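Protein chains in written order, with our numbering: chain A, 1 to 501; chain B, 1 to 501.
Hints in this document: simulated from the structure, not taken from any laboratory. Some hints could be false.
Any copy will do: because identical chains look the same in the list, a pair fits if it lies in one copy or spans two.
[Stated by the list, open to error] Pairs of lysine-lysine, DSBU-like flavour, derived with a Cα cap of 30 Å:
{"id": "1", "residue 1": "K36", "residue 2": "K210"}
{"id": "2", "residue 1": "K166", "residue 2": "K119"}
{"id": "3", "residue 1": "K494", "residue 2": "K119"}
{"id": "4", "residue 1": "K179", "residue 2": "K97"}
{"id": "5", "residue 1": "K387", "residue 2": "K97"}
{"id": "6", "residue 1": "K11", "residue 2": "K97"}
{"id": "7", "residue 1": "K179", "residue 2": "K36"}
{"id": "8", "residue 1": "K119", "residue 2": "K4"}
{"id": "9", "residue 1": "K329", "residue 2": "K160"}
{"id": "10", "residue 1": "K378", "residue 2": "K210"}
{"id": "11", "residue 1": "K97", "residue 2": "K119"}
{"id": "12", "residue 1": "K36", "residue 2": "K11"}
{"id": "13", "residue 1": "K341", "residue 2": "K36"}
{"id": "14", "residue 1": "K494", "residue 2": "K387"}
{"id": "15", "residue 1": "K119", "residue 2": "K178"}
Owing to the predicted nature of the structure, the values given are computational and were not obtained by experimental measurement.
Residue-level listing of the chains:
Protein chains: 2
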Amino acid sequence: MTTKYEALLEKINTIHDIDKAAALLSWDRETNMPPKGDRARIDQMTTLHRLSYEMFTADETGELIEAAAAELADAPYDSNEASLIRYLRRFYADQRKLTPDYVRRASEVSGQARPAWVKARAESNFALFQPWLEQVVELCQEQAELYGYENEPYDALLDKYETNMKTAEVRAIFDAVKKESIPLREAIAARVDAVDDSPVHQPFDIDKQKQFVRTITAAIGYDYERGHLGTVVHPFATSFTRDDARITTRWYPDFLNPALFGGLHESGHAMYEQGTHPDLYRTPLARGTSLGIHESQSRMMENIVGRSYGFWQAHYPALQALFPEQLGKHSVEDFYRAVNKVQPSFIRVEADELTYNFHIILRFELEQAMLNGYLAVKDLPTAWNDKMQELLGVVPPNDAQGCLQDVHWSRPGFGYFPTYALGNLYAAQFYETAVSQNPTIASEMAQGQTTALVAWLRENIHQHGRKFTPGELVQRVTGQPLSHDAFIRYVTTKFSNIYGL
Amino acid sequence: MTTKYEALLEKINTIHDIDKAAALLSWDRETNMPPKGDRARIDQMTTLHRLSYEMFTADETGELIEAAAAELADAPYDSNEASLIRYLRRFYADQRKLTPDYVRRASEVSGQARPAWVKARAESNFALFQPWLEQVVELCQEQAELYGYENEPYDALLDKYETNMKTAEVRAIFDAVKKESIPLREAIAARVDAVDDSPVHQPFDIDKQKQFVRTITAAIGYDYERGHLGTVVHPFATSFTRDDARITTRWYPDFLNPALFGGLHESGHAMYEQGTHPDLYRTPLARGTSLGIHESQSRMMENIVGRSYGFWQAHYPALQALFPEQLGKHSVEDFYRAVNKVQPSFIRVEADELTYNFHIILRFELEQAMLNGYLAVKDLPTAWNDKMQELLGVVPPNDAQGCLQDVHWSRPGFGYFPTYALGNLYAAQFYETAVSQNPTIASEMAQGQTTALVAWLRENIHQHGRKFTPGELVQRVTGQPLSHDAFIRYVTTKFSNIYGL
Chain A
1 MTTKYEALLE KINTIHDIDK AAALLSWDRE TNMPPKGDRA RIDQMTTLHR LSYEMFTADE
61 TGELIEAAAA ELADAPYDSN EASLIRYLRR FYADQRKLTP DYVRRASEVS GQARPAWVKA
121 RAESNFALFQ PWLEQVVELC QEQAELYGYE NEPYDALLDK YETNMKTAEV RAIFDAVKKE
181 SIPLREAIAA RVDAVDDSPV HQPFDIDKQK QFVRTITAAI GYDYERGHLG TVVHPFATSF
241 TRDDARITTR WYPDFLNPAL FGGLHESGHA MYEQGTHPDL YRTPLARGTS LGIHESQSRM
301 MENIVGRSYG FWQAHYPALQ ALFPEQLGKH SVEDFYRAVN KVQPSFIRVE ADELTYNFHI
361 ILRFELEQAM LNGYLAVKDL PTAWNDKMQE LLGVVPPNDA QGCLQDVHWS RPGFGYFPTY
421 ALGNLYAAQF YETAVSQNPT IASEMAQGQT TALVAWLREN IHQHGRKFTP GELVQRVTGQ
481 PLSHDAFIRY VTTKFSNIYG L
Chain B
1 MTTKYEALLE KINTIHDIDK AAALLSWDRE TNMPPKGDRA RIDQMTTLHR LSYEMFTADE
61 TGELIEAAAA ELADAPYDSN EASLIRYLRR FYADQRKLTP DYVRRASEVS GQARPAWVKA
121 RAESNFALFQ PWLEQVVELC QEQAELYGYE NEPYDALLDK YETNMKTAEV RAIFDAVKKE
181 SIPLREAIAA RVDAVDDSPV HQPFDIDKQK QFVRTITAAI GYDYERGHLG TVVHPFATSF
241 TRDDARITTR WYPDFLNPAL FGGLHESGHA MYEQGTHPDL YRTPLARGTS LGIHESQSRM
301 MENIVGRSYG FWQAHYPALQ ALFPEQLGKH SVEDFYRAVN KVQPSFIRVE ADELTYNFHI
361 ILRFELEQAM LNGYLAVKDL PTAWNDKMQE LLGVVPPNDA QGCLQDVHWS RPGFGYFPTY
421 ALGNLYAAQF YETAVSQNPT IASEMAQGQT TALVAWLREN IHQHGRKFTP GELVQRVTGQ
481 PLSHDAFIRY VTTKFSNIYG L
């Protein structure tokens, strides 16, 4: 006899397959599709998204979830079954709250706002984007009302990316990050010339870059037998199953960092998906639990591992051998310092490990101001520049390098940005816990090795996929809620050392 | 108000999108997917195929087809609307004839027969494959009964690949091909050393091969703005829309033909899809009408264009410039002759332009013998070798190079093989007609140019997609039914010249 849970699982497996096929349509669009294929590709993606949405939000699915929940009322909280039902109940309720009319309008505005943003950024003309951003803000406000919230509208949006996290909690943490890291940033600014990053700014043959990126990503634990490295304009990671989790990167002919640290970053994301437990196969639990936790895994590999001295002691000789002319004259110390240069800049995606968070805090604060109506969209450029001055001490020369730099605001997706900075904080807190529980991790890391670290991540984080909310996971793994402390300790130690503070 | 036809179209568009997403899952599986991703990929493809099948074979779809047909009873025969309804009626009736139980058993047997075939071929041990082929033959017999036929069971199977074509018609044409081209093959055999193909058997750098294949495929009219060239083990072409029709090829480090002629072959297929009329977008009419007509387009580009003297006069200097050591000492005449060497061989996919048909005729005859029960599966190896002797004058040293060489018989797909040879015959007949209607085609071809030829193909064949059956198309384009005459004239002239007969 088929149980209700089995019947539910069959439906969820089908929906999962459709979603993963849509993910492949999207991956291929960025990697292999000829540009003219786009019209049909959008139709194909729209069709699969619609089928998945219709199938999932059907009354029948809700009834099946509740029937399976009743059947499994005694299942332990951390069992796969109970965890899947918790997740499905939440997601079902959320999906049903967005009316088809809202979804249609949001999709239409996003579709038109995107090219308007491209043009506005190209011409550095905010006026071209302003009417679209106004509509995006209205859609965000409407979305918050549809989802509902207890304290403030931003809670409703943040919750979609970082389940159950409250705006007030993020605000307190970000305020602490500001308080503690602005002085560090200023101290470094006074010694900006102490680090020379010219070694990474030289001509580097792209085929050799590819060879090296494959070597170091495999070395940190990204499994190429269950992965694939592709080339794109805007790097990302995606997975179609734990056994096919792909990374992408880009190659600059005269700047090494994007390929190296982009490759390590995306490997961190993909390793999370590769590490989900096989028993979660074909369910929505077989992926990272939130954007913030996902980002903790990518930042861990990019920064805590990839920008460590031990890592470059281990791998720099191979890089030197590939590029003897460029790097023969630079020591591993030179190179380690070069990839750790801290310097406030205008562009978020180019920011260093310390100043990156400021770019996010700025967006987090401006999103709330616009959402709550304290800031009119037309005044965004001024507000942006004021905050840049406050947080980073620099002001962009134009809006293209200011409030027009990111694509994100061409969609009603407020609440997404903070997860980037949360990732940095989670990463530091996880790493501190990992080392305290297994000192081998630290000794291996000093040799540039990650075997024990990855084993710890698999055991404590990866295998669980989406079984627990981010808050539950952090508490479970580190014994306390998310805090800024570990991150501040990490950057203070590291950069005091590098900059001789 | 929405018409019934519009409602039908919306459903058909959705099904089409699902089918094309499934096609991408399949393309990616061959090109980019890491091997371990296969388990999930099979689940994803199975899910999409099931959804498409369920949606299409639903009673509601049949009713919608009939309602739309009634609504459009006065539409001209060659209108897109009437053509789509004709196609859908045929396909709906066919799909409903296969019972879910049959589909399930056929899928199971295919799934298990494939690895058995791989092992049997690797060990050249027919006994390992025999029980599976027996089941495949039984499934083909059952399939023929499910579909139904007027004259002979093979008709029912052939019809699935070459709509409305009858076995008797193919038999008569193939008998004529045998009668007329065996003497030519024998005359050439007596002068086998007149052509030296050693120029194509040398070391050739693969990156340079890629560069050259891109050049010549673009030169014949394959549009890379709406295409993509990938690397695979078993080359194929596929399309996700006329604006994204992809080719694949393979690269041998010491043999030039597979890349060159494989690339041209797959370009011919993809150009057919690229040339379908934009108004057929998102319908099943937006592709080639049958396997045989599709093969006519690939063979046209591979052989009639790609193995012509004019083509190499135009392109050989560039190839020589890429490979001066290998080809500097060989004239264009040498090279033209080398790529046109005729020599009976054991393996179908390596056969030359003249002897290829014999490999197909052999399979066509053996499939009928097995289907009709005249040949027991256990006697296949002997029957195979006897026919090889009769048709090609050579006998393979083992079954791996004989009856175990093709994957096709691990599926219940009898009726597919003949379309390969039909393609050669269609191609010659189309080409003869094209030149008679527009002499510029011949003068351009003598210069290695295909502009007028491709324009003619677009106008007369490509744009129609699947609107007409292959028989209708041939009659419409050439004014007569398919015949072997043009092909025999073509090979006789060409090879008499090359071999000085």
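Right, here's what the structure says about each hint:
Taking the shortest alpha-carbon separations for K36 and K210, both the intra-copy value of 28 Å and the inter-copy value of 23 Å come in at or below 30 Å. When the C-alpha separation of K166 and K119 is checked against a cutoff of 30 Å, the pair qualifies neither within a copy, at 35 Å, nor between copies, at 59 Å. For the identical chains of this complex, K494 and K119 are neighbours neither inside a copy (41 Å) nor across copies (57 Å), given an alpha-carbon limit of 30 Å. Proximity of K179 and K97 under a CA criterion of 30 Å is satisfied in neither setting, with 38 Å inside one chain copy and 73 Å between copies.
With identical chains, the CA atoms of K387 and K97 are never at most 30 Å apart, being 35 Å at best within one copy and 69 Å at best between copies. Within a single copy, K11 and K97 get their C-alpha atoms as close as 21 Å, and across copies as close as 27 Å, so both meet the 30 Å cut-off. For a Cα distance limit of 30 Å, the shortest separation of K179 from K36 qualifies neither inside one copy, at 50 Å, nor across copies, at 48 Å. Within a single copy, K119 and K4 get their C-alpha atoms no closer than 52 Å, and across copies no closer than 41 Å, so neither meets the 30 Å cut-off.
Neither within a single protomer nor between protomers do K329 and K160 lie at most 30 Å apart by alpha-carbon distance, with minima of 49 Å and 68 Å respectively. Neither within a single protomer nor between protomers do K378 and K210 lie at most 30 Å apart by alpha-carbon distance, with minima of 44 Å and 52 Å respectively. In this assembly of identical chains, K97 and K119 lie within 30 Å of each other by CA distance neither inside one copy nor across copies; the values are 33 Å within and 54 Å between. Taking identical chains as interchangeable, the C-alpha atoms of K36 and K11 lie at most 30 Å apart only when they sit on different chains, with a minimum of 24 Å there against 35 Å within one chain.
For a Cα distance limit of 30 Å, the shortest separation of K341 from K36 qualifies neither inside one copy, at 41 Å, nor across copies, at 40 Å. For the homomeric pair K494 and K387, the shortest alpha-carbon distance inside one copy (26 Å) is at most 30 Å, but the shortest distance between copies (78 Å) is not. For a Cα distance limit of 30 Å, the shortest separation of K119 from K178 qualifies neither inside one copy, at 33 Å, nor across copies, at 65 Å.
Checked against the numbered hints above, the structure breaks hints 2, 3, 4, 5, 7, 8, 9, 10, 11, 13 and 15 and satisfies the rest.
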